[in-house]
Amino acid sequence: MSPWLVRRALQAAATFAVAILLLFVLMRVAPGDPLARLNGDRAVSEQEIARLRARYGLDQPILAQLRTFLSGVARGDLGVSIEHYPERVTALLASRLPATLLLGGAVLLLNFTLGVWLGVRQAVRRGSRFDRWMTRLALAGYATPSFWLGLVLVAFVSLRWHLLPAAQMTDPLLPADASVPTRAVDVLRHLILPVLTLSLTSIAITMRHQRAALLATFRLDYVTAARARGLSERHVLWGHAWRTTLVPMLTLLGLWLPILVSGSVFVESVFNWPGLGSLAAEAIGARDYPLLLGTAMLGAGAVVVAGLLADIGYALVDPRVRPS
Amino acid sequence: MIGSFTDLFERAWRHPSGRWGVFALAALALAAILAPAVLPDPGAMPDVVAGTTSPSIAHPFGTDQLNRDILSRVVSGARVSLSVAGLAVLVSLTLGTCVGLLAGYCGGWVDAVLMRIVDAALAIPRLFVMLLLLLVWERIPLPALILILGTTGWFATSRLVRGEVLRLRHEPFVMAAEGLGGRAGRTIFRHLLPNAAGPVLVAATLGVGDVILLEAGLSFLGLGIQPPTPSWGGMVFDARPLIVTAPWTALFPGAAIVVTVLAVNLVGDALQAALDPRSA
Numbered sequence: 001m002s003p004w005l006v007r008r009a010l011q012a013a014a015t016f017a018v019a020i021l022l023l024f025v026l027m028r029v030a031p032g033d034p035l036a037r038l039n040g041d042r043a044v045s046e047q048e049i050a051r052l053r054a055r056y057g058l059d060q061p062i063l064a065q066l067r068t069f070l071s072g073v074a075r076g077d078l079g080v081s082i083e084h085y086p087e088r089v090t091a092l093l094a095s096r097l098p099a100t101l102l103l104g105g106a107v108l109l110l111n112f113t114l115g116v117w118l119g120v121r122q123a124v125r126r127g128s129r130f131d132r133w134m135t136r137l138a139l140a141g142y143a144t145p146s147f148w149l150g151l152v153l154v155a156f157v158s159l160r161w162h163l164l165p166a167a168q169m170t171d172p173l174l175p176a177d178a179s180v181p182t183r184a185v186d187v188l189r190h191l192i193l194p195v196l197t198l199s200l201t202s203i204a205i206t207m208r209h210q211r212a213a214l215l216a217t218f219r220l221d222y223v224t225a226a227r228a229r230g231l232s233e234r235h236v237l238w239g240h241a242w243r244t245t246l247v248p249m250l251t252l253l254g255l256w257l258p259i260l261v262s263g264s265v266f267v268e269s270v271f272n273w274p275g276l277g278s279l280a281a282e283a284i285g286a287r288d289y290p291l292l293l294g295t296a297m298l299g300a301g302a303v304v305v306a307g308l309l310a311d312i313g314y315a316l317v318d319p320r321v322r323p324s
Numbered sequence: 001m002i003g004s005f006t007d008l009f010e011r012a013w014r015h016p017s018g019r020w021g022v023f024a025l026a027a028l029a030l031a032a033i034l035a036p037a038v039l040p041d042p043g044a045m046p047d048v049v050a051g052t053t054s055p056s057i058a059h060p061f062g063t064d065q066l067n068r069d070i071l072s073r074v075v076s077g078a079r080v081s082l083s084v085a086g087l088a089v090l091v092s093l094t095l096g097t098c099v100g101l102l103a104g105y106c107g108g109w110v111d112a113v114l115m116r117i118v119d120a121a122l123a124i125p126r127l128f129v130m131l132l133l134l135l136v137w138e139r140i141p142l143p144a145l146i147l148i149l150g151t152t153g154w155f156a157t158s159r160l161v162r163g164e165v166l167r168l169r170h171e172p173f174v175m176a177a178e179g180l181g182g183r184a185g186r187t188i189f190r191h192l193l194p195n196a197a198g199p200v201l202v203a204a205t206l207g208v209g210d211v212i213l214l215e216a217g218l219s220f221l222g223l224g225i226q227p228p229t230p231s232w233g234g235m236v237f238d239a240r241p242l243i244v245t246a247p248w249t250a251l252f253p254g255a256a257i258v259v260t261v262l263a264v265n266l267v268g269d270a271l272q273a274a275l276d277p278r279s280a
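Just so you know, the sequences run in chain order A and B.
Residue numbers for the first sequence follow the numbering used here, beginning at 1 and rising by one.
Residue numbers for the second sequence follow the numbering used here, beginning at 1 and rising by one.
Looking at chain A on its own, in the form it has when it is part of the complex (with noise of 0.2 Å):
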């Protein structure tokens, strides 16, 4: 491992004790007793409340408070659910976190796929109809809020012209001896909804940033050169031209996946999707800071690890950002 290596890692392992912390003095900040508010909502008597105060810890100094919270999170114990009690926060999170896994792979792929293809058609053909359209539409996607576009699609696909399933990830009523061929096409067809959502509503940072690199690079002289020794056009645009491009599409990564992460909470709750963006609009719900606090700690680390993979990614592309 190299040194540049370990130096990146140590303050990826630092921005997220730092934003631990920070989560941690936000809960503390915030006006107001966390458990409070549950005498509201439901039938919880007083006792019930300082033991629930006690268990959490609440009725302690603050530093205690910090001391018991840190350590928590240093064992990867994160506490009990209050909604889901008397599960653990880890073991919930691990539940729901393969579906939203495959949400966000599938809504990856695509964007990174065709958005990248798109924005590189606008840069080749910049300027012209297609181009000034494109980027029209993928800011008209852009500004649609997706538990909207979520719900009219559930209204129009599922419930009015019954093409697709309206919620879950699969079929209540497939038998249990169903074939592993059958089962994939049902998670699939559950899983075009969802995905169509967030992709329509993010596509264009995709489609954006792929278009201005590319712009960038047609103005290097190397492009020229290339162009100038009379290779293909072809072969200038995808052999010379978009590899540079790799380099700065590499950090949308880390940009792009809090924009995921906050979409899946409106987008799973819509679609009643069993990940980690309906655990969360659960916990929203029945006030359950520990498990909202869970979630948002497993978001940040995973903005943490995806900048950290695009940083490594970007060495490998790109030597001179790795200094020795």
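These are computed hints drawn from the structure, not numbers from a lab.
Treat the numbers as computed from the prediction; the structure is a model and nothing was measured.
Quick reminder that beta carbons are idealized off the backbone N, C-alpha and C, glycines included.
Honestly, I wouldn't trust all of these hints.
[Unchecked claim] Examples of chain A residues toward chain B, derived with CB under 7 Å:
no., residue
1, L26
2, P145
3, F266
With chain A fixed as given, assemble chain B onto it according to the hints.
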């Protein structure tokens, strides 16, 4: 470098999409101002028995589940949404500019500490920060919502301003101002700030669109603007059970969000193109 702000606005105006954005925003603002005189009262007595009715001449956008006129609710939603977003961006712009100036101008450990915090804050998805802060209220007061939207949105701006300051610091005119013994305050406000203002203006414009979307999302989750004040996100949430039988209850408020955010982003886009013509 742009000559002046009038120059920037002129060039943005010549950009076709910028003009459309300005027209759309002006129409929205006009509607929001004139609406109370023309349209039925958005807070009119709810009528559960009559329920929702489809679009008609009396109610061009139809009425919602409580028989309230959707058009007037969408228009008063515009007033709330635009003013909340404008004020929130003002807060985050001020904070981001101050922190960015401080980090860029002081450098050294001040810069290192501030930017580490900004890095970490940027790693936490903004939605979660706001959710954790908003969850404690029984009824979220509007000023608190604006402050929370504002104080969670300045991190990227501070990075931008810091970058601009670092870029400008070694420009001859700034070095000359410092070499001539100009005070730090004068250097910052006369030389650094005006020259960094362009990119900041673009970021702020695009930030308004982001905040409108965020506020709509929060209101959809019940943690934004509180009923009975009409909000677009809240209206879409209320329309959830009616989406098949009465789609107009969801379509119009959602379309209002799309049109407004798109208009704001088109203006931001045009400003960006005017600032850096090569990117267009």
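Hints and how they fare:
| no. | hint | result |
| --- | --- | --- |
| 1 | L26 | 5 Å, holds |
| 2 | P145 | 5 Å, holds |
| 3 | F266 | 6 Å, holds |
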